[in-house]
Amino acid sequence: MIWNEARECMSRDEMANMQGARLKKLVSNVYHNVEFYRKKMQDIGLEPGDINGIEDITKLPFTTKTDLRDNYPFGLLAVPKSQIVRVHASSGTTGKATVVAYTRRDIENWQECVARDLVMCGVTKDDMIQIAYGYGLFTGGLGLHYGAENLGCMTVPMSTGNTKRLVTMMEDFGATAIACTPSYLLHIAEVIEEMGVKDKLKLRTAICGAEPWTEKMRLQIEEKLGINAHDIYGLSEVCGPGVACDCSFHKGLHVQEDHFYAEIVDKETLNPLGDGEVGELVFTTLTKEGLPLIRYRTKDLTSIDHSKCECGRTTPRISKFKGRSDDMLIIRGVNVFPSQVETALLEIEGVTPHYQMIVDRVNNLDTLEVQVEVDENVFSDEIREMENLTKKISAALQSALLIAVKVKLVEPRSLDRFEGKSKRVIDKRVLTD
Amino acid sequence: MFLKQLTVFLENREGRLERVTDILSKNNINIVCLSLADTSEYGVIRMIVSEPDKAKAVLKEEGCLARITDVLAISMEQKAGSLNKLTKIFSEQGINIEYMYTLNSSREAGSMIIKCTDIEKGFDAVKKAGLTLVDPEIAYSM
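Respectively, the protein sequence lines represent chains A and B.
Residues in the first sequence are numbered from 1 upward in steps of one, following this note's numbering.
Residues in the second sequence are numbered from 1001 upward in steps of one, following this note's numbering.
It is possible that some hints are incorrect.
As a list, the in silico DSS-like pairs of lysine-lysine whose alpha-carbon atoms are at most 27 Å apart [as the list claims (entries may be wrong)]:
{"no.": "1", "chain 1": "A", "residue 1": "216", "chain 2": "A", "residue 2": "202"}
{"no.": "2", "chain 1": "A", "residue 1": "423", "chain 2": "A", "residue 2": "392"}
{"no.": "3", "chain 1": "A", "residue 1": "164", "chain 2": "A", "residue 2": "224"}
{"no.": "4", "chain 1": "A", "residue 1": "408", "chain 2": "B", "residue 2": "1056"}
{"no.": "5", "chain 1": "A", "residue 1": "423", "chain 2": "A", "residue 2": "408"}
{"no.": "6", "chain 1": "B", "residue 1": "1060", "chain 2": "A", "residue 2": "408"}
{"no.": "7", "chain 1": "A", "residue 1": "59", "chain 2": "A", "residue 2": "24"}
{"no.": "8", "chain 1": "A", "residue 1": "59", "chain 2": "A", "residue 2": "125"}
{"no.": "9", "chain 1": "B", "residue 1": "1054", "chain 2": "A", "residue 2": "423"}
Here are a few chain B residues that face chain A, going by a calculated C-beta distance under 7 Å [to be verified]:
{"no.": "10", "residue": "1009"}
{"no.": "11", "residue": "1037"}
{"no.": "12", "residue": "1042"}
{"no.": "13", "residue": "1046"}
{"no.": "14", "residue": "1062"}
{"no.": "15", "residue": "1065"}
{"no.": "16", "residue": "1067"}
{"no.": "17", "residue": "1069"}
{"no.": "18", "residue": "1098"}
{"no.": "19", "residue": "1124"}
Not close to chain A: a few residues of chain B, all C-beta gaps over 12 Å, as computed [claimed, not checked]:
{"no.": "20", "residue": "1005"}
{"no.": "21", "residue": "1058"}
{"no.": "22", "residue": "1079"}
{"no.": "23", "residue": "1095"}
{"no.": "24", "residue": "1117"}
{"no.": "25", "residue": "1123"}
{"no.": "26", "residue": "1136"}
Hints are computed from structural coordinates only; laboratory data are not their basis.
Note that CB positions come from ideal geometry on N, CA and C, so glycine has one too.
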C-alpha cells in the first residue's frame, strides 16, 4: 500500500520540476521575510532570481543549529506570529532550547508525511496504534499522533512511563501497532515476557525512531515480538518524525522529498557527494511556512540512493546512520551535548568542570552517569554535605538535559587518565552495525 | 584548642584506602584512630594522626583530596552512663553531633572524638560541665 502514489511514485523528472518550483518560491519568500537569510544571501551576492531550478540549490548558504540558537526563539519565522498554531522545542547545545514553529499548513504537511510513513510500515486505517513517545515539547508524541489520526487509525496516546499499563492496554484493546523508540520497545518486549501475555497480543508492526539503532537490533525486535519493525527518522528542526521511513524491503529510509530536499555533502569541504558516498545529511524544507530551513546541516552521517525501490516508490532512500559529525548523543531519544553538562556544572558554585559522561544501555534502557571530580572547595568531612552536593549536581543536570542523570563523585584527577585531552564521553552502547 | 582531624575522600573501590595508608606509612605518620563513613560510591575517612598538617601536605602532593577539620576530643570514665552524660550536654545546649568515634579506650578510661554543628559552643558546654578535653598534642602522640 502507498498513501500518496502521485507523490511517492513520481518520475524523477517530474519530482525535480516540482522541487525546483518550490525552491524558487521558498528562496524568494525567505529573502523577503527573514532578515537572517536575506543577509546571508546578500553576503555572497546571491539574489532570489539566481535560483531557477533544484540544481541551483548548491548556490545557497548552509544553515546550522547555531543559527537557530542565535535567533532564539522566533527570529527565523517567515510568517507573522499570529499564523503560528504550534511550537515544539528540543534541547540546545548550551542550555537554550532550539525552537520550531508551525503554521496550520505545516502541521497538515507533517501529518501527511507521517501518514505516508505509517502506510509504508504496513499500517492502515483499521489499525489501532499506541503512541509511546513522550507528548509535549518533544516532537515524537504529537507528530506520530497527528499522522496516525490523519490516516484514520484508532490512536491511543500512551506517552511514556507506565510500561505495565501499556502492555495491559495492548492486550485489552487489541492494539496492532506501536510507535516508540527502539530501546523502549525492547524494554516493552521484556515486560510482555514477564507478564506472559505474548500469545494474547495482536501487535504486528512497530514504528521506531528518535534514536540510532542497528539492523541487528531491528531483527532482534522482530524475532522477539513476532512483528515487523520499521525505522522512522526526523529531526525537530526540520519538522519532527516523518521526514523519512523504511518500507517493507528495509533498504534505506524513503525521504519525503517533495517536502524535504535531501543532499549529502562532504563533512569537511561541504561539497555535494554522489549516491552511495557517506557524508553529512543536509535538508531544505521545500514547503515549510513557519520556520523554513535552507540547507540545514543535520550533522547526521549517511549516504543516499536515488534508484527506484522494489516497493515501487521513487523517493530516494538514505541508509541507516553511520554516526554524527559532532559530539551530540541521543539518550532515550533526547539530544544531549557534552557542552550542556559542562555549562550546568559551571553554574554550581565550587564544582569543577572535570567530568565524564558514561552512557550505557541497561535492560534496553539508556542510562547516563556523570562522574564529577571533587575538589577542596566542595569536599566535606560530613556525608550529609556530600550527599547534598550530589543531589544539587543531579538536579542541575536533570533540568539542563531533560533526562534522569546519575551523579557519581570521584577523586580529583582520576578522570585525566587519557592521552592528551580528557575524554568526555564513554558510550558503551552499540548503535551502528 | 581544637583537635585537628585529617579527612580524606576515597572512591569506594579496591586499592583506594591502601593508597592512603601507603602514603602515610612511607612518610612515617602514625594513625592514632580512624572512622570510615561509606556510601555505595565513595567514602570519607576521618583520622587522628601524629602530624596532621604534614599528612595533608603529603597526601595532596600525591593527588589525594584531604582536608583538616576541627573536632573535640573528650575524656570519659569507663563506666555505664558516661556516654549518656556526654550526649546530654550537647542535646541540652541544642548542639547537633554530626559524628563521633573512639579516640582510645582502656580498662580505666576512654575518650571520644566529636564533630558538632558549633564547635565553640560545644567546647564551652563541655568545659562548663566539668569534663576534660584531651590536649591535642597528647592525642597526636598517643
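Run the C-beta distances from residue 1079 of chain B to all of chain A and say if the shortest one exceeds 12 Å.
Check passes; 30 Å lies beyond 12 Å.
Does residue 423 of chain A pair with residue 408 of chain A here, judged by a C-alpha cut-off of 27 Å?
holds, 16 Å
Against chain A, does residue 1058 of chain B keep a CB gap of more than 12 Å to every residue?
The claim stands: residue 1058 of chain B keeps its Cβ more than 12 Å from every Cβ of chain A (closest is about 15 Å).
Should the hint that residue 1042 of chain B touches chain A count as held when the rule is a Cβ pair under 7 Å?
Status holds, d = 5 Å.
Going straight from one Cα to the other, do residue 59 of chain A and residue 125 of chain A come out at no more than 27 Å?
Between residue 59 of chain A and residue 125 of chain A the Cα gap is close to 42 Å, so the pair fails against 27 Å, i.e. violated.
Is it true that the CA of residue 1060 of chain B sits at most 27 Å from the CA of residue 408 of chain A?
Holds - the C-alpha atoms of residue 408 of chain A and residue 1060 of chain B are around 21 Å apart, at most 27 Å.
Is the claim that residue 1123 of chain B lies outside the interface with chain A correct, judged by CB distances over 12 Å?
holds, 17 Å
Restraint satisfaction for residue 1098 of chain B [CB to CB of chain A, less than 7 Å]:
Where the cut-off is 7 Å and the nearest Cβ of chain A is about 5 Å from residue 1098 of chain B, the hint holds.
For residue 1095 of chain B, which was marked as not at the interface, is the minimum beta-carbon distance to chain A over 12 Å?
Given a closest Cβ separation of 15 Å, the condition holds.
When you check the alpha-carbon spacing of residue 216 of chain A and residue 202 of chain A, does it fall within 27 Å?
holds, 24 Å
Is it true that the CA of residue 59 of chain A sits at most 27 Å from the CA of residue 24 of chain A?
holds, 12 Å
Check whether the Cα positions of residue 423 of chain A and residue 392 of chain A lie no farther apart than 27 Å.
Satisfied, since the Cα-Cα distance of roughly 24 Å is no more than 27 Å.
The structure fails hints 8, 9, 14, 19, 20, 24 (numbered hints given earlier, in ascending order).
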